[in-house]
Each structure stands twice: as C-alpha cells, then as structure tokens.
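S.K.: Chain by chain, the residues:
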Amino acid sequence: MDWLEKDRFEKDWLEEELKQALERKNPSPGFASCVAAAAARGAAPPPRRVFLLPRWLPVAAAVLVILGGGAAYRQHQGMVAKERVMLAMRITAGQLNHIQTHVKESRP
Amino acid sequence: MKTGARCLLVCILAAALPAQQFKFNLEHLESKAADMVDISLNASTLQFAAKFLDAKDPEEAQVKKLIAGLEGIYVKTFSFKSEGSWSPADLERVRAQLRAPEWSRIVGVKSAEDGESAEVYVRNVDKKVNGVAILASGPKELTVVNIAGPVDLDSLAGMSGHFGLPKLETVPPVKPKKFD
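Protein sequences, first through last, are from chains A and B.
First residue of the first sequence? That's 1 in our numbering, and the numbers climb one at a time after it.
First residue of the second sequence? That's 1 in our numbering, and the numbers climb one at a time after it.
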C-alpha cells in the first residue's frame, strides 16, 4: 500500500503547487495608469517582420530558367549536328577506304 | 504590280538556287529503295557542328579541319531488298548530273566478282577543287556522297586510318632525277 500513499502525496503536492501558481494576484499600483496612458498614445504592437520577396525575383528566375533551357537545347542541337557530321564522314571515309584498297590491290 | 511580284519571285528563286545546286536529284532511287540514310548538312550546320568537335580528339580534329569552309555535305545511302532493284540506268542518271567541264572523274574502280563499283568525281572551279562526289554501288546498296565547297583532297584521303578503318599507305611522290 506504500505506492498508494506515495501517489496521494504527489497529487496533493501538485495540487498545492497549482493553487499557488494560479492564485489571484493584484496588479502593481501603477499598472492601471500605465495601460491608460498607452491607450491614450495609441501605441500599437511592434510590427511583425515579414520577409517580402522583391517583385523582380520571379521574373529573374523565369529568365534564368529560359536562358538555361535555351543553352541546354542549343547544346543538344550541337551534339546532334556533330553526330550527323561524324556519321557522314564515317560513310565517306568508308567508301574512300574501299576505293583506295581496290586501287592498291590493282597496282602492279 | 504584277511586274513587282514577278521580280520578287525571281529574286527569291535566285537566292534559293545556290543552296539547291549542290544537291543531286536522286528521287528515282528513293522510290525503289527499301531503306535510306539521308544526311544533309549545309554550311551553317557544318559551322555550328564544328564548334562541338573536340580539337583534342584526333578523329574530330581531322573532321574539323576538313569541314572548315565547306558549303555542304550531302550523303545518301540506299539499301535495296534484292539484287536488280536498281538498274545501271539509275546510276547513269546520277552520273549525268556530274557533267564536264565542271566535274571530272578522277578514280573509277569496278569489281566484276562482287558486282561493286565506285567512282570519285572532282568539281573544279577556277582550277581549284570545289567539290567531291563519290558514287559507290553494290548489288543491294548504292551510296552517293557530295561534298560541296573547297575540299582539301589530302585531308580527305587522310580519313583512312580514322573511324576504325585501316590506314592505307599512299604512293610517295617521285623525285625528279638530276642530271649532271
């Protein structure tokens, strides 16, 4: 039964602590006049700091994306053109090689 | 008003002609071929492609040197389903476009055993080589290569030894004998 007593003691202690913490306390003597003065001044709470993005930033990002895409497309087109040139040269070289072999074989 | 429109049409056609004159008319072969490889590269495409060729790579460096200043490269390879799909008359129609005095045949080889033949034509303008054409035919294949523009024949001949092809030895020039 020890644990029951211990539990009850902890509950009582917690209750006492809460009572003390939530106990009604009177404000300091100058509090009311302080609030009245602040209200008269029209004091507003300090403005929140809001991080607004500059308007040009999305435009700049869009331009960068377009330029980057254009450069990538140009690079792709260049590689395709290069491959076509190399294929044309490969066919030409193959035919020339064939002709040169024939000429060499027929030479006395 | 009509005269103006005609003049404009003539101007457009005149501007388009130089671009077309390098291409051979091969439509009669296209209809007979089972497969075709068609590569058409004009001057601007060649210049553009040259920017992407690596000068450090021996093959690409050779190609870069060769295509500099060219007006176009046009390659067509026709594959036929069976022998006899194309006739000698078809080849003759291509040859007819390689007429003298501009074009002259410099090499012609023929193998009766394999039924293959190949010819190399050179286009001379003002005593300078301004184009090379290759006609190569086999029983089931026909290739027409047209290199338009100033071609360095030595560079072109030097293409053997690249692209996995064996390098062929060229005949050294004969030195003139000195008589004392």
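Since the hints were made in silico from the structure, they are not lab data.
Hints are supplied without guarantee of correctness; some may be wrong.
As the list claims (entries may be wrong) - Mimicking DMTMM-like on lysine to aspartate or glutamate, the simulated pairs with C-alpha atoms at most 25 Å apart in a straight line are:
{"#": "1", "chain 1": "B", "residue 1": "Lys81", "chain 2": "B", "residue 2": "Asp54"}
{"#": "2", "chain 1": "B", "residue 1": "Lys23", "chain 2": "B", "residue 2": "Asp114"}
{"#": "3", "chain 1": "B", "residue 1": "Lys128", "chain 2": "B", "residue 2": "Glu113"}
{"#": "4", "chain 1": "B", "residue 1": "Lys51", "chain 2": "A", "residue 2": "Glu17"}
{"#": "5", "chain 1": "A", "residue 1": "Lys82", "chain 2": "B", "residue 2": "Asp152"}
{"#": "6", "chain 1": "A", "residue 1": "Lys82", "chain 2": "B", "residue 2": "Asp90"}
{"#": "7", "chain 1": "B", "residue 1": "Lys127", "chain 2": "B", "residue 2": "Glu102"}
{"#": "8", "chain 1": "A", "residue 1": "Lys82", "chain 2": "B", "residue 2": "Asp38"}
{"#": "9", "chain 1": "A", "residue 1": "Lys104", "chain 2": "B", "residue 2": "Asp38"}
{"#": "10", "chain 1": "A", "residue 1": "Lys25", "chain 2": "A", "residue 2": "Glu15"}
{"#": "11", "chain 1": "B", "residue 1": "Lys81", "chain 2": "B", "residue 2": "Asp154"}
{"#": "12", "chain 1": "B", "residue 1": "Lys128", "chain 2": "B", "residue 2": "Asp90"}
{"#": "13", "chain 1": "A", "residue 1": "Lys104", "chain 2": "B", "residue 2": "Glu71"}
{"#": "14", "chain 1": "B", "residue 1": "Lys140", "chain 2": "B", "residue 2": "Glu71"}
{"#": "15", "chain 1": "A", "residue 1": "Lys25", "chain 2": "A", "residue 2": "Asp7"}
{"#": "16", "chain 1": "A", "residue 1": "Lys104", "chain 2": "B", "residue 2": "Glu27"}
{"#": "17", "chain 1": "A", "residue 1": "Lys82", "chain 2": "B", "residue 2": "Asp114"}
{"#": "18", "chain 1": "A", "residue 1": "Lys104", "chain 2": "B", "residue 2": "Asp57"}
{"#": "19", "chain 1": "A", "residue 1": "Lys104", "chain 2": "B", "residue 2": "Asp90"}
{"#": "20", "chain 1": "B", "residue 1": "Lys56", "chain 2": "A", "residue 2": "Glu83"}
{"#": "21", "chain 1": "A", "residue 1": "Lys104", "chain 2": "B", "residue 2": "Glu113"}
{"#": "22", "chain 1": "A", "residue 1": "Lys104", "chain 2": "B", "residue 2": "Glu141"}
{"#": "23", "chain 1": "A", "residue 1": "Lys82", "chain 2": "B", "residue 2": "Glu113"}
{"#": "24", "chain 1": "B", "residue 1": "Lys64", "chain 2": "A", "residue 2": "Glu15"}
{"#": "25", "chain 1": "B", "residue 1": "Lys23", "chain 2": "A", "residue 2": "Glu23"}
{"#": "26", "chain 1": "A", "residue 1": "Lys82", "chain 2": "B", "residue 2": "Glu102"}
{"#": "27", "chain 1": "B", "residue 1": "Lys65", "chain 2": "A", "residue 2": "Glu83"}
{"#": "28", "chain 1": "B", "residue 1": "Lys140", "chain 2": "A", "residue 2": "Glu23"}
{"#": "29", "chain 1": "B", "residue 1": "Lys110", "chain 2": "A", "residue 2": "Glu105"}
{"#": "30", "chain 1": "A", "residue 1": "Lys82", "chain 2": "B", "residue 2": "Glu59"}
{"#": "31", "chain 1": "A", "residue 1": "Lys82", "chain 2": "B", "residue 2": "Glu116"}
{"#": "32", "chain 1": "A", "residue 1": "Lys104", "chain 2": "B", "residue 2": "Asp35"}
{"#": "33", "chain 1": "B", "residue 1": "Lys140", "chain 2": "B", "residue 2": "Asp90"}
{"#": "34", "chain 1": "A", "residue 1": "Lys82", "chain 2": "B", "residue 2": "Asp154"}
S.K.: Next step is simple, just say for each hint if it's right about the structure.
M.R.: Hints, verified against the model:
The straight-line distance between the Cα atoms of B:Lys81 and B:Asp54 is roughly 38 Å, outside the 25 Å bound, and the hint therefore fails. Pair hint B:Lys23 plus B:Asp114 does not hold up; C-alpha atoms about 29 Å apart against a cutoff of 25 Å. Taking the CA atoms of B:Lys128 and B:Glu113, the gap is near 36 Å; set against the 25 Å cutoff, the hint is violated. Proximity of B:Lys51 to A:Glu17 is assessed by CA-CA distance (about 82 Å); at most 25 Å being required, the pair is judged violated.
In summary, the hint linking A:Lys82 to B:Asp152 is supported, as the alpha carbons are separated by about 20 Å, within the 25 Å threshold. About 32 Å separates the Cα atoms of A:Lys82 and B:Asp90, which puts this hinted pair outside 25 Å; it is violated. Of the pairs offered as hints, the one joining B:Lys127 and B:Glu102 holds, with about 10 Å between alpha carbons and a cut-off of 25 Å not exceeded. Of the supplied pair hints, the one linking A:Lys82 and B:Asp38 holds, its CA atoms being roughly 15 Å apart against a limit of 25 Å.
A distance of roughly 30 Å separates the Cα atoms of A:Lys104 and B:Asp38; the hinted pair therefore is violated under the 25 Å criterion. Between A:Lys25 and A:Glu15, the direct Cα distance comes to roughly 18 Å. Compliance with the 25 Å bound is thereby established for this hinted pair. Between the alpha carbons of B:Lys81 and B:Asp154 the distance comes to roughly 36 Å, so the proposed pair goes past 25 Å and is violated. Simply put, B:Lys128 and B:Asp90 have alpha-carbon atoms about 29 Å apart, too far for the 25 Å limit, and the pair is violated.
Restraint check for A:Lys104 and B:Glu71: the C-alpha separation of about 31 Å exceeds 25 Å, so the hint is violated. Between the alpha carbons of B:Lys140 and B:Glu71 the distance comes to roughly 30 Å, so the proposed pair goes past 25 Å and is violated. The hinted pair formed by A:Lys25 and A:Asp7 fails the criterion: a straight-line CA distance of about 30 Å is larger than 25 Å. Between A:Lys104 and B:Glu27, the direct Cα distance comes to roughly 34 Å. Violation of the 25 Å bound is thereby established for this hinted pair.
Pair hint A:Lys82 plus B:Asp114 does not hold up; C-alpha atoms about 34 Å apart against a cutoff of 25 Å. For a cut-off of 25 Å, the pair hint linking A:Lys104 to B:Asp57 is broken: about 29 Å separates their Cα positions. Taken as a hint, the A:Lys104 and B:Asp90 pair is broken in the structure, with Cα atoms around 28 Å apart against an allowance of 25 Å. Between B:Lys56 and A:Glu83 the alpha-carbon distance is near 17 Å, which keeps this suggested pair within the 25 Å criterion.
For a cut-off of 25 Å, the pair hint linking A:Lys104 to B:Glu113 stands: about 17 Å separates their Cα positions. For a cut-off of 25 Å, the pair hint linking A:Lys104 to B:Glu141 stands: about 23 Å separates their Cα positions. In summary, the hint linking A:Lys82 to B:Glu113 is not supported, as the alpha carbons are separated by about 37 Å, beyond the 25 Å threshold. For the hint linking B:Lys64 to A:Glu15, the alpha-carbon distance of about 91 Å lies beyond 25 Å, and the restraint is violated.
Our distance criterion of 25 Å between C-alpha atoms is broken by B:Lys23 and A:Glu23, whose separation comes to about 101 Å. Annotation: proposed proximity of A:Lys82 to B:Glu102 is violated, straight-line Cα distance about 30 Å (limit 25 Å). For the hint pairing B:Lys65 with A:Glu83, the CA-to-CA distance comes to about 16 Å; that is within 25 Å, so the pair holds. At roughly 106 Å between alpha-carbon atoms, B:Lys140 and A:Glu23 are farther apart than 25 Å, so this suggested pair is violated.
Restraint check: the Cα-Cα separation between B:Lys110 and A:Glu105 comes to about 12 Å, which is no more than 25 Å; the hinted pair holds. Distance hint between A:Lys82 and B:Glu59 is fulfilled; the C-alpha atoms sit about 12 Å from each other, no more than 25 Å. A hinted pair counts as satisfied when its Cα atoms are at most 25 Å apart, and A:Lys82 with B:Glu116 does not qualify at roughly 30 Å. Note on A:Lys104 and B:Asp35: the hinted pairing is violated, with a Cα-Cα distance of about 31 Å set against a maximum of 25 Å.
This hinted pair checks out: B:Lys140 and B:Asp90 have alpha carbons roughly 13 Å apart, not beyond 25 Å. Taking the CA atoms of A:Lys82 and B:Asp154, the gap is about 22 Å. The hint holds against a cut of 25 Å.
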